[in-house]
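**Student:** These protein sequence lines map, in sequence, to chains Y and F. Take 521 as the starting number for the first sequence in this note's numbering and just add one per residue. Take 521 as the starting number for the second sequence in this note's numbering and just add one per residue.
Read the hints as simulated data drawn from the structure, not as lab findings. For clarity, every value in this text was computed on a predicted model and none was experimentally measured. Accuracy of the hints is not assured; some may be wrong.
One copy or two, it doesn't matter: identical chains are merged, so the pair holds either way.
[What the hints assert, rightly or not] With a cut-off of at most 20 Å between alpha-carbon atoms, the simulated SDA-like pairs for lysine to any residue come out as follows:
| hint | residue 1 | residue 2 |
| --- | --- | --- |
| 1 | Lys631 | Glu690 |
| 2 | Lys639 | Ile562 |
| 3 | Lys631 | Val727 |
| 4 | Lys722 | Ile672 |
| 5 | Lys691 | Gly582 |
| 6 | Lys639 | Gly657 |
| 7 | Lys595 | Gly572 |
| 8 | Lys722 | Met702 |
| 9 | Lys595 | His568 |
| 10 | Lys743 | Arg687 |
| 11 | Lys743 | Glu732 |
| 12 | Lys716 | Pro641 |
| 13 | Lys722 | Leu667 |
| 14 | Lys631 | Gly572 |
2 protein chains.
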Amino acid sequence: MKTSPKSKSAKRPAQPLLATKLTAAKRLTPTLRAERILQGSIRFFAEHGFSGQTRELAHELGISKGLLYRYFPSKEALIERVYQEVFLRRWSPTWQAELTDRNRPLIERLKTFYADYAKLPLEYEWGRIYLFAGLAGASINRRYVRLANERIFKPVIGELRHEFGFRPTEKLAITEPELELMWSLHGSIFYIGMRKWVYHVKAPSDVDGAIEQLVEGFYINAKNVMRATLSHGGKT
Amino acid sequence: MKTSPKSKSAKRPAQPLLATKLTAAKRLTPTLRAERILQGSIRFFAEHGFSGQTRELAHELGISKGLLYRYFPSKEALIERVYQEVFLRRWSPTWQAELTDRNRPLIERLKTFYADYAKLPLEYEWGRIYLFAGLAGASINRRYVRLANERIFKPVIGELRHEFGFRPTEKLAITEPELELMWSLHGSIFYIGMRKWVYHVKAPSDVDGAIEQLVEGFYINAKNVMRATLSHGGKT
DNA sequence: CGTCTTATTGAGCATATGCTCAATAACGAG
DNA sequence: CTCGTTATTGAGCATATGCTCAATAAGACG
Numbered sequence: 521m522k523t524s525p526k527s528k529s530a531k532r533p534a535q536p537l538l539a540t541k542l543t544a545a546k547r548l549t550p551t552l553r554a555e556r557i558l559q560g561s562i563r564f565f566a567e568h569g570f571s572g573q574t575r576e577l578a579h580e581l582g583i584s585k586g587l588l589y590r591y592f593p594s595k596e597a598l599i600e601r602v603y604q605e606v607f608l609r610r611w612s613p614t615w616q617a618e619l620t621d622r623n624r625p626l627i628e629r630l631k632t633f634y635a636d637y638a639k640l641p642l643e644y645e646w647g648r649i650y651l652f653a654g655l656a657g658a659s660i661n662r663r664y665v666r667l668a669n670e671r672i673f674k675p676v677i678g679e680l681r682h683e684f685g686f687r688p689t690e691k692l693a694i695t696e697p698e699l700e701l702m703w704s705l706h707g708s709i710f711y712i713g714m715r716k717w718v719y720h721v722k723a724p725s726d727v728d729g730a731i732e733q734l735v736e737g738f739y740i741n742a743k744n745v746m747r748a749t750l751s752h753g754g755k756t
Numbered sequence: 521m522k523t524s525p526k527s528k529s530a531k532r533p534a535q536p537l538l539a540t541k542l543t544a545a546k547r548l549t550p551t552l553r554a555e556r557i558l559q560g561s562i563r564f565f566a567e568h569g570f571s572g573q574t575r576e577l578a579h580e581l582g583i584s585k586g587l588l589y590r591y592f593p594s595k596e597a598l599i600e601r602v603y604q605e606v607f608l609r610r611w612s613p614t615w616q617a618e619l620t621d622r623n624r625p626l627i628e629r630l631k632t633f634y635a636d637y638a639k640l641p642l643e644y645e646w647g648r649i650y651l652f653a654g655l656a657g658a659s660i661n662r663r664y665v666r667l668a669n670e671r672i673f674k675p676v677i678g679e680l681r682h683e684f685g686f687r688p689t690e691k692l693a694i695t696e697p698e699l700e701l702m703w704s705l706h707g708s709i710f711y712i713g714m715r716k717w718v719y720h721v722k723a724p725s726d727v728d729g730a731i732e733q734l735v736e737g738f739y740i741n742a743k744n745v746m747r748a749t750l751s752h753g754g755k756t
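Given the sequences, and given the hints that come with them, work out the whole structure.
**Tutor:** Put into structure tokens, the structure is as follows:
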């Protein structure tokens with residue numbers, strides 16, 4: 521079936537479409553080429569999922585499939601790099617300090633933090649790749665959840681405890697209702713992204729405003745839930 | 521495609537010595553067989569996504585791949601049937617009446633409704649297939665969102681308006697903050713399922729309790745948001 | 001048991017897909 | 001310009017995958 525040179529040449533006579541060789545910015549330095557492949561792969565896999573073909577990816581990158589394999593030993597390895605790049609490289613190191621800076625009112629800290637943090641899950645690439653990875657059973661999601669738990673959930677619950685006059689998390693372990701509060705907020709935020717990038721239905725016209733409304737509701741709910749579940753001896 | 525009668529007839533050795541049929545699939549009636557294939561496909565596609573192979577599906581069903589194509593003309597058609605079965609056949613016709621039955625307190629109605637409704641998106645098959653479909657760009661999600669909007673979002677907002685003394689939705693159009701409230705609740709619920717079936721991280725030990733906490737928070741937030749955004753002339 | 005209907009099978013086809021490798025050509029050094 | 005290094009290419013391989021069809025055999029009925 522390979523012996524069909526006639527149909528082959530008939531199909532590919534020349535460059536009928538755009539960018540076949542126009543973007544022939546050929547012969548880049550390995551570092552730069554690898555970087556381009558990585559960034560292109562992020563976009564590509566976000567769009568097509570990890571079952572997208574390497575042929576098509578190479579075509580979109582304007583390079584040959586062979587070149588792909590010079591920089592990444594396998595499709596699997598490429599995907600692993602995509603995970604690293606998308607999820608672990610975009611974590612702002614200042615968030616934690618901002619969240620726990622008691623010179624500012626907590627509600628204000630929460631609003632500014634989530635206004636910034638929400639950009640991650642609301643980003644096209646981030647959200648879709650996160651879902652594809654999870655559905656494929658990749659471990660990256662669990663790793664990310666652990667990160668969020670340590671650097672967001674725990675600190676925020678700690679600050680809320682302090683705000684509402686309950687014992688700190690070191691003295692009174694974090695409860696399930698408190699954790700559910702956090703999950704609920706993050707779920708609502710992520711769902712805004714899902715509406716946009718997965719369901720393709722109308723998202724809020726004012727995303728920042730929607731996030732702020734979510735944070736305000738969260739703050740009030742937190743107060744109520746903590747009072748209802750931590751009150752017995754929980755008060756300082 | 522059929523124009524290849526070259527050495528076709530030559531190679532037909534026919535191996536009738538097949539004792540390999542250990543799992544002898546027994547001759548079911550077409551209706552029953554189709555039903556089994558459909559149910560098996562739901563489980564299979566929920567697990568592997570729609571890029572799962574028909575060969576493997578047939579194997580899991582204990583039948584040959586050929587039989588699959590006797591009952592469903594193509595993989596695509598099968599998937600379409602899966603959508604129908606999962607999303608449109610499981611909608612309870614009594615929900616709407618329950619939600620608007622003003623003989624019962626609204627908060628109670630909401631709790632019982634969501635305790636029941638949440639079973640859908642929290643189900644393994646439902647949640648994962650919904651995500652796979654959305655990521656693949658299927659239109660079923662938009663269809664489902666429209667359904668939820670008409671039969672849940674609008675009625676609930678209407679009841680909340682009545683509960684808190686604002687003008688009905690026929691007189692004062694539903695606002696974006698109100699819709700966001702609904703989305704937020706549904707997002708939080710769906711996210712519980714995602715934790716279980718997609719991220720494989722710890723889900724609440726008491727799901728029903730978590731749902732109830734969500735509904736309570738939702739009710740309070742709704743009151744606050746409506747008061748903040750509908751007050752000017754909105755009051756009855 | 002024999003016969004007929006049809007549910008069921010699996011080899012096979014055409015194409016898709018991850019990956020290899022010998023050949024090619026772009027850039028820099030001399 | 002010449003030459004050497006190496007980024008880049010694309011035909012090609014091995015296997016995967018949706019789907020077809022002639023052959024098979026499991027029941028129903030006499």
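**Student:** Please work out whether the CA atoms of Lys743 and Arg687 approach to 20 Å or closer within one copy, between two copies, in both situations, or in neither?
**Tutor:** within (14 Å within a copy, 30 Å between copies)
**Student:** When Cα atoms must be at most 20 Å apart, do Lys639 and Gly657 count as within-copy, between-copy, both, or neither?
**Tutor:** Neither: 24 Å inside a chain and 23 Å across chains, both beyond 20 Å.
**Student:** Using 20 Å as the alpha-carbon threshold, which applies to Lys722 and Ile672: within, between, both, or neither?
**Tutor:** between (29 Å within a copy, 17 Å between copies)
**Student:** When Cα atoms must be at most 20 Å apart, do Lys631 and Gly572 count as within-copy, between-copy, both, or neither?
**Tutor:** Intra 38 Å, inter 43 Å, cutoff 20 Å: neither.
**Student:** Cα distance capped at 20 Å. Does Lys691 pair with Gly582 within a copy, between copies, both, or neither?
**Tutor:** neither (58 Å within a copy, 56 Å between copies)
**Student:** With 20 Å as the alpha-carbon cut-off, assign the pair Lys639 and Ile562 to within, between, both or neither.
**Tutor:** Within one copy only: 17 Å inside, 34 Å across.
**Student:** Cα distance capped at 20 Å. Does Lys595 pair with Gly572 within a copy, between copies, both, or neither?
**Tutor:** Both, since 10 Å and 18 Å are each at most 20 Å.
**Student:** Under a CA distance limit of 20 Å, which applies to Lys716 and Pro641: within one copy, between copies, both, or neither?
**Tutor:** both (11 Å within a copy, 19 Å between copies)
**Student:** Have a look at Lys722 and Leu667 and pick one of within, between, both or neither, based on CA distance no larger than 20 Å.
**Tutor:** between (30 Å within a copy, 14 Å between copies)
**Student:** Could you place Lys631 and Val727 in one of the four classes (within, between, both, neither) given a Cα distance threshold of 20 Å?
**Tutor:** within (13 Å within a copy, 28 Å between copies)
**Student:** Give the relationship of Lys722 and Met702 under a CA distance limit of 20 Å: within one copy only, between copies only, both, or neither.
**Tutor:** between (25 Å within a copy, 13 Å between copies)
**Student:** Between the shortest in-copy and the shortest cross-copy C-alpha distance, which are at most 20 Å for Lys631 and Glu690: within, between, both, or neither?
**Tutor:** For Lys631 and Glu690, neither the intra-copy (25 Å) nor the inter-copy (34 Å) Cα distance is at most 20 Å.
When each numbered hint is compared with the structure, violations occur for hints 1, 5, 6 and 14.
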